[in-house]
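*Asks:* Chains as they are written, first to last, in our numbering: chain H, 1 to 409; chain L, 1001 to 1409.
In short, the hints are calculated from the structure, not lab data.
No experiment lies behind these values; they were computed from the predicted model shown.
There's no promise every hint is true.
Okay, the calculated bits of chain H under chain L, using three or more residues with CB under 8 angstroms as the criterion [stated by the list, open to error]:
no.	stretch
1	9-23
2	50-57
3	64-70
4	95-102
5	227-240
No more than 27 angstroms apart at the CA atoms, straight line, and that leaves these computed lysine-lysine pairs for DSSO-like [claimed, not checked]:
no.	chain 1	residue 1	chain 2	residue 2
6	H	K110	L	K1317
7	H	K87	H	K25
8	H	K110	L	K1129
9	L	K1187	L	K1129
10	L	K1221	L	K1317
11	H	K388	H	K209
12	L	K1120	L	K1025
13	L	K1110	H	K87
14	L	K1388	L	K1187
15	L	K1110	L	K1187
16	H	K317	H	K388
17	L	K1165	L	K1110
18	H	K129	L	K1110
19	L	K1359	L	K1317
20	H	K187	H	K359
21	L	K1359	H	K120
22	H	K110	L	K1087
Glycine included, C-beta positions come from ideal geometry on N, C-alpha and C.
Number of protein chains: 2
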Amino acid sequence: MALYVQKFGGTSVGSVERIEAVAEKIKRFRDEGHDIVVAVSAMSGETNRLVALSQAISNQPSPRELDVLLATGEQVTIALLCMALQKLDCDAVSYTGTQVPILTDSAHTKARIQSIDTVKMRRDLDAGKVVVVAGFQGVDQFGSITTLGRGGSDTTGVALAAALKADECQIYTDVDGVYTTDPRVVKSARRLDRITFEEMLEMASQGSKVLQIRAVEFAGKYNVPLRVLSSFEDGPGTLISLEEEDIMEQPIISGIAFNRDEAKLTVLGVPDVPGVASRILGPISAANIEVDMIVQNVAEDRTTDFTFTVHRNDYDKVMKVIEQVADDLGAVEVKGDNTICKVSIVGVGMRSHAGVASKMFDALASESINIQMISTSEIKIAVVIAEKYLELAVRTLHAAFGLSDESLV
Amino acid sequence: MALYVQKFGGTSVGSVERIEAVAEKIKRFRDEGHDIVVAVSAMSGETNRLVALSQAISNQPSPRELDVLLATGEQVTIALLCMALQKLDCDAVSYTGTQVPILTDSAHTKARIQSIDTVKMRRDLDAGKVVVVAGFQGVDQFGSITTLGRGGSDTTGVALAAALKADECQIYTDVDGVYTTDPRVVKSARRLDRITFEEMLEMASQGSKVLQIRAVEFAGKYNVPLRVLSSFEDGPGTLISLEEEDIMEQPIISGIAFNRDEAKLTVLGVPDVPGVASRILGPISAANIEVDMIVQNVAEDRTTDFTFTVHRNDYDKVMKVIEQVADDLGAVEVKGDNTICKVSIVGVGMRSHAGVASKMFDALASESINIQMISTSEIKIAVVIAEKYLELAVRTLHAAFGLSDESLV
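Input sequences plus hints: build the corresponding full structure.
*Replies:* See the structure below:
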């Protein structure tokens, strides 16, 4: 008998029929004797409907009132899910973020959870009830309703699991787990049984969209075992947890992530003096643009080349900013390319294995794919290549590192 | 500079455009220097949408969860109205029933208000803000969301006005005040400038649907001046307050109420012994049917006739119950008629004027309208007549008591 926190997203509760299916799934766990706390999102489409209402009134709605509005979405779901559970003779009780309470700071529309009071939930679990909590929302010290921002329901699930010291936080989605890479690109991509928090973070930040980065970070920090499963099919899903003790069993590479929406800018002939990097990146950060990879080559002739990548949507905006900066710095030229992509191999196993990088570069070279930039972390190697080679590169690396499900090759 | 509580119903806030119109109306009062607290309903149609969602899941949803669901309707409105006010540079802040808090008992879906905390509202008013409160909802001592039942937003408005000792509670509706009778029946019907709580109660319970009876009772109990006005046109509306000191100025009759949805049942030849009335009405009350008028004639020959009226929808059900009862009592016969209606004249002035009843009966007789039943209170005389005479009776009485707006006759 375990305590599970189960999170169901907007698609999983997108209609009355789906809410009833979720209730049946929860009841099966209850019938096995487990204690269940559920975190739910708004029914799919509902948040957009509410946002449209607010935008019809104001293009700059007060964040406090926007949160009051948006929080109704999850409140509708918790009530309906409890009704569906009760209809199955499964005792259940709902709580809004205010009722739990889930205490947050006062940063409306992007609040951070500060603490969760577990008294009521413990009492209800002891009384045999399923506890259904509104995801995505909390309450600040003044009693104002707050929301956690996009993907906040995943964070609610993990935070509840951490506060309740749950055995597992199960995130139900429309995919049945985390894959070695996107099955739409590589048909033989394999569902991973396990992956570490670190690997999942690299996979997520490199463009794999199964889980919100923030929720994974949160789970890693509090060591909450996280399982990604399908709402619609049964199956073990993928368990995301701390690194296993027995490193021998770790595969070298767990997966391949990629990101299409990249653009690259290079400032050529920058004076090689201290403070140049911040003079280049300062104005970009001031314009609220996020920079991803940064590479600076070794200086020749007292000048250097400075390259970085941004989201493709920001390309034109950044080009304008950077041309001005280059002028001020006396740089030679600014070059850009918005037809690039990023491909990364991720795995805790590479820590203890030499030669992973050269194997990656060999594989790409064998297909005549030119590498434009390289960036590494302890458990990841990322390369920038021309976008047209993306699928070829991912397939080639997937095969080179033996990731394929042999039954599908 | 006064403190007004303004209540806007579902039709008044039924669309983004109407919410913006309400915001402009509120701002005009603010600009005149008044303090404003607003109570709002759910946008029209929203409560029905939510009820339909719950019914798709369960025909017996848990009242606690139904309240969690329904309370979202008003929560959406308070957020949107605040956004609309802020867009007009009118500082505003929203509160749900839980946030105020409006403390109620735990009778979900029909809770009663126990107390209202005015600390936050006073602070906001002092800071120059418009306070927007969700109507229809509250919170019980355990922190569970409650709702007050149909028409509960009127009650919220009156309760807020009582708690804040407001100068007036203004109820904005789709009519511009209380009329001498329904203008659809009598074209020359006149808007009343003033009416007493007692008269309004008789008008409301006799079928005039402008205000919820419960809200009028509440206003009378706490002596909160109540004004009914149109959301869509400017005008003074009708003020509902305590009886004026100067009785000389009271008209004898303030208005004429009527109710079509009546049915009448008579048990003929009932033994005239103590306890008969309760033996007849007991089983009807046990079947959860409300009885309106009751008349028992003086006994002849040790038997009497017992007549009462019920809502027309209950007629068939009551007939079955009462036929059994009549058998048990050894009554002669049960007769019924579901083509009747009730017409009442209402006015505090009749207390001090003799001859009101005879004037009423004369007027009806002059049109050959037969009176089937008569019931009186201190400020009301109600008669039951055949439904086909309803319009004729109302017009005749309206003219006989000089109620018409002469410009419209």
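*Asks:* Compare the structure with each hint and give your call.
*Replies:* Verification of the supplied hints:
| no. | hint | in the structure |
| --- | --- | --- |
| 1 | 9-23 | holds (count 3) |
| 2 | 50-57 | holds (count 5) |
| 3 | 64-70 | holds (count 5) |
| 4 | 95-102 | holds (count 3) |
| 5 | 227-240 | violated (count 0) |
| 6 | K110(H) with K1317(L) | violated (57 angstroms) |
| 7 | K87(H) with K25(H) | holds (14 angstroms) |
| 8 | K110(H) with K1129(L) | holds (25 angstroms) |
| 9 | K1187(L) with K1129(L) | violated (43 angstroms) |
| 10 | K1221(L) with K1317(L) | violated (36 angstroms) |
| 11 | K388(H) with K209(H) | holds (21 angstroms) |
| 12 | K1120(L) with K1025(L) | holds (24 angstroms) |
| 13 | K1110(L) with K87(H) | holds (22 angstroms) |
| 14 | K1388(L) with K1187(L) | holds (19 angstroms) |
| 15 | K1110(L) with K1187(L) | violated (37 angstroms) |
| 16 | K317(H) with K388(H) | holds (24 angstroms) |
| 17 | K1165(L) with K1110(L) | holds (25 angstroms) |
| 18 | K129(H) with K1110(L) | holds (25 angstroms) |
| 19 | K1359(L) with K1317(L) | violated (37 angstroms) |
| 20 | K187(H) with K359(H) | holds (22 angstroms) |
| 21 | K1359(L) with K120(H) | violated (66 angstroms) |
| 22 | K110(H) with K1087(L) | holds (22 angstroms) |
Hints 5, 6, 9, 10, 15, 19, 21 from the earlier list are contradicted by this structure; the remaining hints agree with it.
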